[in-house]
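Chemist: Read off the chains here:
2 protein chains.
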Amino acid sequence: MEMMQYLDETEESVDKAINRYFGCAFGELYKAGAHLLTAGGKRLRPAVLLLSAEAVRKGSAADLMQAALALELTHTFTLIHDDIMDGDTARRGVPTVHTIWGEPTAILAGDVLYAKAFEFLCTAYADDRAKVYAVKMLAKACADVCEGQNMDISFEKRTDITELDYLEMVQKKTGALYAAAAAIGGILAGGNQVQITALYQFGLNSGVAFQVQDDLIDLVASAEQSGKDRASDIREGKQTLIAVKAREKGLDLSPYRRDMTDTEIDSLIALLDDAGIIDEVRAFAVERAETAKLALSVLSDSEEKQILLDIADFFISRGF
Amino acid sequence: MEMMQYLDETEESVDKAINRYFGCAFGELYKAGAHLLTAGGKRLRPAVLLLSAEAVRKGSAADLMQAALALELTHTFTLIHDDIMDGDTARRGVPTVHTIWGEPTAILAGDVLYAKAFEFLCTAYADDRAKVYAVKMLAKACADVCEGQNMDISFEKRTDITELDYLEMVQKKTGALYAAAAAIGGILAGGNQVQITALYQFGLNSGVAFQVQDDLIDLVASAEQSGKDRASDIREGKQTLIAVKAREKGLDLSPYRRDMTDTEIDSLIALLDDAGIIDEVRAFAVERAETAKLALSVLSDSEEKQILLDIADFFISRGF
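Heads up: the protein sequence lines correspond to chains B and Y, in order. So the first sequence is numbered by the numbering used here: it starts at 98 and just counts up by one. So the second sequence is numbered by the numbering used here: it starts at 98 and just counts up by one.
Next up, chain B with everything else stripped away, as it sits in the complex (with noise of 0.2 Å):
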């Protein structure tokens, strides 16, 4: 099967899951936890975890989708507590939890999908085991995203990141529930130590990468395509790669902090592309998804190992 059909046909069962479990939210706080779930997203987290499980099983994973599910409901717990913390007002082309119900509604909503996701996990077709490390790893996940999202709060207040820092910061808050993703996908389907740390490797690397891919899109792709106004990472003095980079090669981006009209955006990418930062940033992600690809060797070939490999090119191809 080709990536981009398992990626459709993995969104359309897990959209289909996840109506079923909360398309009829009753209450007010189940209708805030279900907005953004039902509101769409790509279901990537979920088709890593069962590609995973294939990979290492040889066979559907469609009992484990339980489990996908449960890596849905954390990731969407994340943005809504996100959101509040930035003060989004959209996001999937939807208000945001907290624009619509007030913080604390958006708060215990997140709480709420936290919760779920772990009763999800435990319902899981799997035997015990698995499922206590299963948890053990949903919430080591969950405790990085904490702190890697931490982290990006306080960097804006900082002009010293390192690219060190940059990368511990992107690997806890983006490259810990894909890490999770792959790694409970072999834990479920009775992987061993080795097939476990090398999907975890995978998904953590991968991970990385989409993220960097993430703040390259959004300097360069047109609003259509990302769906975000353009250039809002450096507008708003975000720490991404491109910006500790800038900085390294003697590059102010402060000026560039306010709003900038198109013509101006253009001249600011061409300057960035003539100090070669593009260039590295694109590198950078690059050899991280190629770390990721590297990590898989332990498993056999398959089908589906084969699309996971194509997911890792894919993370740092996509245009939006």
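These are calculated hints, taken from the structure and not from any lab test. Hints may contain errors.
Just so you know, same-sequence chains aren't split out, so a pair can sit in one copy or run between any two.
[To be verified] Quick list of in silico lysine-lysine cross-link-like pairs, BS3-like style, CA-CA up to 27 Å: (1) K237 to K346; (2) K254 to K128; (3) K335 to K128; (4) K155 to K113; (5) K346 to K390; (6) K128 to K390; (7) K128 to K346; (8) K335 to K113; (9) K335 to K346.
With chain B fixed as given, assemble chain Y onto it according to the hints.
Modeler: Coordinates of chain Y only, in the frame set by chain B:
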């Protein structure tokens, strides 16, 4: 052993364990998470978990300390998030987390303790089947607590709350976590389903009794005894059982939604007392405590069962 001695000794060993894990927190996020956790507290939920395990197993449950901590971590996470929602500035004699570190870090500090709760629960010495059951139970309790807190917030805008609404809210907001504490103790100690259900009902009903007594303390106790301003619930228009019963009897408390002198509070108490409200609320708490104790009749007699029975009585007799 006497109940008070047991509670004191458990408080001490829980404090010690918390200090071991969170006493030298590294980084702002973990410092924020440890702040309320290390600021004291009666550690009643851990005590209920350990006693329940000991009553089932008829032996020490010291090996379940990690699980007992999971309950305290969960309780503390809900306090941190509640304080943000309620805009409270002090708790346990120290400033609230968001007052010191700001809302974003406080949200994340709660989220980190939430993750740690599940991690700790999974590291208790118990068999995997029991741990999976315990994780489901804790996740369900967390969802209940969120629902209860959301009901509590929404009640403040309403004037049609019935006793049944109040009971549902308080069962979720306070009862659910005591229920989970008792049931998880039974689960991890290898109890059968009859014992686990009995312990759940014990925790649920004694938790409700605890909360009703808390509402009475808020009204009747002096500021020195309760550590809070007197009659803060009535002054803030909270829908406690006292407020619900007052409305049922045609007593309008809304004029008291303001600062009051001690003399004014004393005459308000006299008014509520004359209408029989304080006696009725006390009777309600007593009934819940009796229901809690009755549930334990399926457990064979032991010192620990007796302490659990004493705790139910303590919950409705304590003055602070």
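Chemist: Now look at each hint and say whether the structure bears it out.
Modeler: Right, here's what the structure says about each hint:
1. When the C-alpha separation of K237 and K346 is checked against a cutoff of 27 Å, the pair qualifies neither within a copy, at 36 Å, nor between copies, at 52 Å.
2. Taking the shortest Cα distances, K254 and K128 sit within 27 Å of each other only across copies (19 Å), while inside one copy they are farther apart (35 Å).
3. Only between protomers do K335 and K128 lie at most 27 Å apart by alpha-carbon distance; the minimum there is 24 Å, versus 32 Å within a single protomer.
4. When the C-alpha separation of K155 and K113 is checked against a cutoff of 27 Å, the pair qualifies only within one copy, where the shortest distance is 24 Å, while the shortest distance between copies is 48 Å.
5. In this homomeric assembly, K346 and K390 never come within 27 Å of each other (Cα to Cα): the closest approach is 30 Å inside a single copy and 71 Å across copies.
6. Taking CA atoms no more than 27 Å apart as the test, K128 paired with K390 passes in neither setting, with 39 Å inside one copy and 37 Å between copies.
7. Taking CA atoms no more than 27 Å apart as the test, K128 paired with K346 passes in neither setting, with 48 Å inside one copy and 35 Å between copies.
8. Taking identical chains as interchangeable, the C-alpha atoms of K335 and K113 are never at most 27 Å apart, the minima being 36 Å within one chain and 41 Å between chains.
9. For a Cα distance limit of 27 Å, the shortest separation of K335 from K346 inside one copy, 17 Å, qualifies, whereas the shortest one across copies, 58 Å, does not.
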